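S.K.: As given, the protein sequences belong to chains A and B, one line each in that order.
Sequential numbering from 51 applies to the first sequence in the numbering used here.
Sequential numbering from 19 applies to the second sequence in the numbering used here.
Don't take each hint at face value.
What the hints assert, rightly or not - With a cut-off of at most 20 Å between alpha-carbon atoms, the simulated DMTMM-like pairs for lysine to aspartate or glutamate come out as follows:
#1 A/K56 / A/E135
#2 A/K116 / A/E135
#3 A/K122 / A/E110
#4 A/K116 / A/D63
#5 B/K109 / B/E152
#6 B/K60 / A/E110
#7 B/K80 / B/E111
#8 B/K30 / A/D63
#9 B/K30 / A/D106
#10 A/K56 / A/E266
#11 B/K80 / B/E294
#12 B/K394 / A/E78
As the list claims (entries may be wrong) - To spell it out: a stretch of chain A is covered by chain B in this simulated footprint if at least three of its residues, at any positions, have a beta carbon under 8 Å from a beta carbon of chain B; those stretches are:
#13 97-108
#14 265-271
These are calculated hints, taken from the structure and not from any lab test.
Quantities reported herein were computed from a predicted structural model and do not represent experimental measurements.
From the three backbone atoms N, C-alpha and C, an ideal C-beta is built for every residue, glycine too.
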Amino acid sequence: MLVAEKVSHGFNDLEGRYLSILSSVDLEVKSGDSLAIVGPSGAGKSTLLSLLAGLDVPAEGEIRFKGSSLGKLTEDGRSSLRQSEVGFVFQTFQLLPGLSAVENVMLPLELAGVGVKEARERASDWLTRVGLGERLSHRPRMLSGGEQQRCAVARAFVTEPALLFADEPTGNLDRATGDAICELLFDLNVSTGTTLILVTHDMLLANRCRRVLKLEDGGLSEVPR
Amino acid sequence: MIAFRLLWRELKAGHLTLLGVAIAVAVMAMTSTHAVTTRIDKAMVAEATTLLGGDLRVRSAKSLASEYIEEAERRNIAWVETLEFASVVGKGEKFELSALKVVQAPYPLTGALEVADSRQGIGVTTLELPSPGEIWIDLQLATRLSVDVGDSIEVGERDLDIAKILVFEPDRGGSFFSLTPRLMMNRVDLESTDLIQPGSRIRVYTLFSGEGASEFREWLEPQLDISHRVQGLVDGRPEVGRALSRSASYLSLAGLLTVLLAGAAIALTARRWSQEHIVDSALFRAFGLSGAAVLRIFAVQLLALGAAASLVGVGLAYLIQPFLEATVSGLVTQELPSAGIRPAILGAITGLVTLVGFAAPSLIYLRNIPPIRVLKRDYPVATVSRMLSYGLAMASLSGLCFLYSGDATITLYVTGGVFALVLFGLVVGRLVLVLLAPLESMGGAWRFGLQQLVRNPYTSAGQLISFR
């Protein structure tokens with residue numbers, strides 16, 4: 051489903067020197083799989099995630115999704131692909147503060163051109179599914195951290211994406227809440243068949259995935275289980 | 019749809035209040051000044067046409083050809099002919115060189131004559147003309163000849179009775195000819211006075227008045243030879259015309275200064291607004307929207323806000339008209355006519371042009387936010403060039419200046435002046451910041467306050483210019 055071949059990437063620092071982050075990374079992810087990418091801070095986990103999700107293109111190498119090379123697509127082509135195939139869950143939830151819970155979940159549907167009525171119905175269903183059926187009209191600031199992340203999970207799943215990327219999904223939550231979110235993510239991964247790729251420091255969360263990969267010194271290696 | 023929902027939420031949260039107020043103030047300033055100048059302009063034009071005796075006046079040495087008169091009648095334009103010439107009139111031993119005006123109905127076409135019953139009398143408006151056998155003379159002539167109402171004076175071969183003292187005649191004007199003592203008589207008596215002889219130097223004035231007077235002028239003027247002089251409001255009464263165009267230009271410029279200040283406020287507020295929406299933009303991009311689609315969402319929000327704020331500004335401008343009317347009431351003698359819809363339309367255009375000119379860089383910046391910013395907050399964003407930012411602002415100001423003044427020279431001066439002001443502000447602003455930089459070492463509040471100013475020198479300089 052998703053293949054990365056000899057992907058290298060880096061950035062220029064403030065003095066203009068090139069800093070290599072990823073060096074010839076290879077990866078293959080099968081449909082319905084769950085994969086955790088772990089590693090120390092600054093190892094390039096989020097960079098790899100952004101490349102795999104088509105948010106950025108690698109300096110070298112190729113990433114293919116369902117056979118299409120992301121690097122060969124235009125910016126708009128990658129946007130279109132993300133719209134139909136990709137969902138995101140972020141560490142800081144990234145809910146729009148001005149919108150209610152249901153409106154936040156409706157957002158990706160509305161941006162994809164789904165009518166308001168249908169978007170509202172689907173968003174309400176998903177919020178009910180993640181346990182926020184009574185909180186539809188609540189604004190993010192009226193929700194706890196765990197509830198906000200549940201809302202973000204509902205938003206990620208509402209478009210029924212083939213691929214779900216989660217960047218430190220429990221990083222801003224206490225242990226119990228993090229566990230609940232973790233439980234929710236894996237349940238949905240199984241029930242919807244969505245492929246899950248997550249980046250985390252949390253080995254307990256990582257170990258819930260079928261595969262765990264460690265990113266260190268620009269290279270990616272499978273963690274033996 | 020999503021754009022309007024986001025806009026509504028932001029309005030309710032008060033995030034767009036300052037931006038909306040800035041737009042409304044700009045629109046109110048321009049609409050109210052333009053409405054007042056339009057109303058004064060209309061009133062002064064109405065007043066000035068009465069001072070010309072009609073909408074149009076043709077001066078010639080002899081009567082206009084009948085084909086021109088017939089064309090005026092065909093266009094339903096009223097007309098009348100008056101004659102003016104200099105002659106000596108007298109009473110007993112006293113003689114005086116006077117300007118004689120020979121009139122007939124329906125003179126005057128606009129405005130009205132004022133007459134008094136005696137030299138000491140108070141002038142009252144009259145719709146009448148001197149009857150056959152009678153004359154009206156002004157106070158100057160009456161004093162010099164030591165005559166009053168009821169006396170008669172020699173006019174050519176006739177003795178004509180003084181029926182009134184002439185206090186005001188609308189088309190007297192401000193020329194040398196108009197300074198001499200005046201006498202008005204009926205056309206019927208002209209022949210019997212035997213004043214007009216072959217070779218006499220007379221001025222024939224044909225006055226026209228009606229809806230299509232300006233179109234008639236366009237038709238008539240090219241057909242007349244050099245011995246004719248066509249005069250409208252501006253060329254007939256140049257002192258009035260110049261005053262009108264100058265007052266309108268200066269008031270519009272005053273309004274433009276408000277737009278400049280409001281524009282600076284819009285630019286700074288829009289910049290802050292765009293900074294607050296970086297995450298939203300990145301999120302939209304991550305959810306699969308193209309840069310153009312993101313731009314559309316934010317542009318729709320800003321334009322909707324601009325339209326609403328413009329409406330508010332226009333409404334306020336019309337609401338404060340009575341107060342402005344009170345302040346300018348001394349400028350014109352008659353009640354100010356309605357401004358009409360044009361100032362409102364121009365005001366709304368002002369709001370949108372100012373918004374686009376000053377907030378467009380912020381919109382472009384939001385369009386440039388890469389989707390990766392959802393994950394990496396420090397990922398660089400392609401900034402909008404300062405040249406483009408200032409260029410757009412200057413272009414919008416220049417466009418508005420030309421829209422209101424209709425004068426390329428004024429537009430050029432204003433644009434040059436604003437450019438020089440901005441340049442001066444930037445240089446002085448940078449200099450002040452360089453001089454203040456050492457104060458950072460004092461620590462505490464000084465250090466934090468100055469760090470912000472010194473790190474964003476162009477923004478700080480922009481704020482300085484706004485305060486100036």
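S.K.: Is the Cα-Cα distance between B/K80 and B/E111 20 Å or less?
M.R.: Violated, at roughly 33 Å.
S.K.: Please verify the coverage claim for the region 265-271 of chain A: does it have three or more residues whose C-beta sits within 8 Å of some C-beta in chain B?
M.R.: violated (count 0)
S.K.: Measure nothing beyond the straight line between the CA atoms of A/K116 and A/E135; if it is 20 Å or shorter, mark the hint as holding.
M.R.: Cα-Cα ~10 Å, so holds.
S.K.: Please verify the coverage claim for the region 97-108 of chain A: does it have three or more residues whose C-beta sits within 8 Å of some C-beta in chain B?
M.R.: holds (count 6)
S.K.: Within a Cα-Cα threshold of 20 Å, do A/K116 and A/D63 meet the stated pairing?
M.R.: This hinted pair is violated, its Cα atoms lying about 34 Å apart.
S.K.: Between A/K56 and A/E266, does the CA-CA distance stay at or below 20 Å?
M.R.: 15 Å, holds
S.K.: Just to be careful, I want the Cα atoms of B/K80 and B/E294 compared with a cutoff of 20 Å; is the pair within it?
M.R.: 77 Å, violated
S.K.: Mind checking the alpha carbons of B/K30 and A/D106 for me, to see if they're no more than 20 Å apart?
M.R.: 35 Å, violated
S.K.: Please work out if B/K30 and A/D63 have their alpha carbons no farther apart than 20 Å.
M.R.: 42 Å, violated
S.K.: B/K60 and A/E110 were given as a pair; does the straight-line alpha-carbon distance stay at or below 20 Å?
M.R.: 71 Å, violated
S.K.: Holds or violated: A/K122 with A/E110, Cα cutoff 20 Å?
M.R.: Distance ~12 Å between A/K122 and A/E110 Cα, so the pair holds.
S.K.: So if I understand the rule, the pair passes when the alpha-carbon distance is 20 Å or less; does B/K109 with B/E152 pass?
M.R.: Since the Cα atoms of B/K109 and B/E152 sit roughly 15 Å apart, the hinted pair holds (cutoff 20 Å).
Checked against the numbered hints given earlier, the structure breaks hints 1, 4, 6, 7, 8, 9, 11, 12 and 14 and satisfies all the rest.
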